[in-house]
Amino acid sequence: MKMTEKPTLYHWEPNANSGKPMLALEEKCVTYDSVYIDMLSFDQHKPEYLAINPMGTIPAMVHEGRLMNESTAIMEYVDARFDGPKLRPRDPAKRWKMRWWMKYCDQYYGPSCSMIGWEMFVGPSVRQRDPDELKARIDAIPLAERRIAWTKAIYGKFSAEELAESRRRVMQGSALLEKNLEKNEWVAGDEFSLADINAFNLVYILPHMAETMNLPSVGVERTPMTMRWLKRVYRRPTIRSTWARSRGGLHIDIDDEINRDLG
Amino acid sequence: MLTLHTNGMTPGALAVAIALEEKALSFALAENEWQATPAALAAFSGADELVNSIEGEFPILADGDVAVNDTFFILEYLDDAYPEPPLKPADAYGQWKVQALNRFLGERAMPAVASLGVAERFTGQGIVDEVAARFENEPLLTPERRDAWGMALRDPANEEVMAESHRKAALLLDRIEGELAESGGPWLLGEGYTITDIAAFALARPFATGELRTHDKEIGERTRHWCARMEKRAAVTTPLQLGEPVFLPAAEHARWG
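Residue numbers (the working numbering), protein chains in the order written: chain A, 955 to 1217; chain B, 2 to 258.
Note that these hints are calculated values from the structure, not bench results.
A couple of the hints might just be wrong.
As the list claims (entries may be wrong) - Beyond 10 Å from chain B on every Cβ pair, some chain A residues (computed):
#1 988
#2 1077
#3 1168
#4 1201
#5 1211
Stated by the list, open to error - Within a straight-line C-alpha distance of at most 27 Å, the following computed DSSO-like cross-link-like pairs (lysine-lysine) qualify:
#6 A:1000 / A:960
#7 A:1089 / A:1106
#8 A:1040 / A:1185
#9 B:233 / B:24
#10 B:89 / A:960
#11 A:982 / B:89
#12 A:1089 / A:1111
#13 B:24 / B:89
#14 B:89 / A:1040
What the hints assert, rightly or not - If we take Cβ atoms under 8 Å as the criterion, some of the chain B residues that face chain A in the derived model are:
#15 74
#16 94
#17 100
Model, not experiment: these values are computed from the prediction.
Even glycine gets a Cβ: it sits at the ideal position worked out from N, Cα and C.
Start from the sequences, fold in the hints, and give me the full structure.
This is the structure:
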């Protein structure tokens, strides 16, 4: 397949939703123009970015003059459009399993993890700014859902019940993933796929949240197969090259993770 | 041998039946009473993905030894496993559009349509506590699904859920009208008929027939004509005769953002 131009990816730190297309592009050996959008400075809601992506969401990708958003759909585009290793199983049932797990991560496991992270990290990191500036930033968010999300995070409006429910769901999601990895080397079966990229971008942080956030969802004792799977993913050279685009927000040493004692 | 397992002809079940007909695949219909949903799901309890569905318990499509769920992913599965006639664009960008639209339909539109339909169906029906309690205490169901059934049966017209559902149903009708305007029709993505037409039709049809209504939002002209075109397809006519449209609790409304 002939590539006519490099894609341009607009992204934040190489984790969560931004990390998904970044890692997919690296796995496909696709050279791309990387544009770092600083989410904590609300770059994604500024006019220059809204001129590119009127929804004001990240990540977004422009290729051959077309704008694409929705990180999981972008990953499927990357696999379909570019040469390189196949990141989706050919077998229809395995491909269905890959998509099932990506949805589970995108709409159940991930948002619950994200709510806790925003409460603990994103909210406090921007809350101290000038109140009028913050209000103006929130008012500039195009999507109603995102305005609600930012408002809750910035002003610490998640209820105790909401946070407790998110913690329960992270524990539940981690247990289900562990059960799946007891039977499968990779999330969708016997081959590395987009589902591994998707899950890794939310699960990698969980062993580090066990103590800092009192959330023992993923660890050597509770989820040994998930820890082994994480190690397999960390060993892929693409993690190193993708994380090299971080501006200091990850604070995890890849070598430490590869050498972690799993007992 | 293909078998479509349902607990009624919900929008999801209708969409799968249409896709099967479009592919000219013969299939058996295994329809369960909605009250028997947990018992029917128990037949699939060996598959974690089938009992941990975000969307709801059914439809499930059994294809020999394979069983798959989640309406949009069943449609994708059918197109992957039975490529002719194709129901997805051949190009990567077209496939991206299908998947981005299906994400919207599954996450935003389907919960809204289901909630509005559940309110129409169950309000004032005098569902006895015993039925609700059976769902709420069913160990095979996930806690979210127990809650979804409990709320549907005990408080089907919950004010907050209704307000959110009307808002999202309006987004659905706006989105379909907008896509048809942008693509130029006759189908959502333009000249090519896709699984997105099937999925969107199953959700929008209740508003075209008047079964459901949204506050302050009429169905657009383009959408009305598109629905009429859909209804004329032979592969749509047959599934519409399989049973009365049914609404049951579907995926929960997004908790955050």
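Comparing the hints with the structure gives:
Every CB of chain B lies more than 10 Å from the CB of residue 988 of chain A, the least distance being 20 Å, so the non-interface label holds. No beta-carbon of chain B comes within 10 Å of the beta-carbon of residue 1077 of chain A; the shortest separation is about 13 Å. No Cβ of chain B comes within 10 Å of the Cβ of residue 1168 of chain A; the nearest lies about 20 Å off, and the non-interface call holds. Every CB of chain B is more than 10 Å from the CB of residue 1201 of chain A (nearest about 24 Å), matching its label as outside the interface.
Chain B leaves residue 1211 of chain A outside its interface by the beta-carbon criterion, the shortest separation being 27 Å against a cut-off of 10 Å. Distance check on the hinted pair: residue 1000 of chain A and residue 960 of chain A sit about 24 Å apart at the alpha-carbon level, within 27 Å; holds. The suggested pairing of residue 1089 of chain A with residue 1106 of chain A holds, with an alpha-carbon distance near 12 Å, which does not exceed 27 Å. Of the pairs offered as hints, the one joining residue 1040 of chain A and residue 1185 of chain A holds, with about 21 Å between alpha carbons and a cut-off of 27 Å not exceeded.
A C-alpha spacing of about 16 Å is found between residue 233 of chain B and residue 24 of chain B, which places the hinted pair at or below 27 Å, so the restraint holds. A hinted pair counts as satisfied when its Cα atoms are at most 27 Å apart, and residue 89 of chain B with residue 960 of chain A qualifies at roughly 25 Å. Simply put, residue 982 of chain A and residue 89 of chain B have alpha-carbon atoms about 23 Å apart, close enough for the 27 Å limit, and the pair holds. Proximity of residue 1089 of chain A to residue 1111 of chain A is assessed by CA-CA distance (about 15 Å); at most 27 Å being required, the pair is judged to hold.
A threshold of 27 Å between alpha carbons decides the hint, and for residue 24 of chain B with residue 89 of chain B the separation of about 12 Å falls inside it, so the pair holds. With a CA separation close to 19 Å, the supplied pair residue 89 of chain B and residue 1040 of chain A stays within the 27 Å bound. Taking 8 Å as the C-beta contact cut-off toward chain A, the hint placing residue 74 of chain B at the interface holds, the least distance being around 5 Å. Interface hint at residue 94 of chain B: satisfied, since its Cβ lies 6 Å from the closest Cβ of chain A, which is below the 8 Å cut-off.
At its closest, the beta carbon of residue 100 of chain B sits 4 Å from a beta carbon of chain A; the interface hint therefore holds under the 8 Å criterion.
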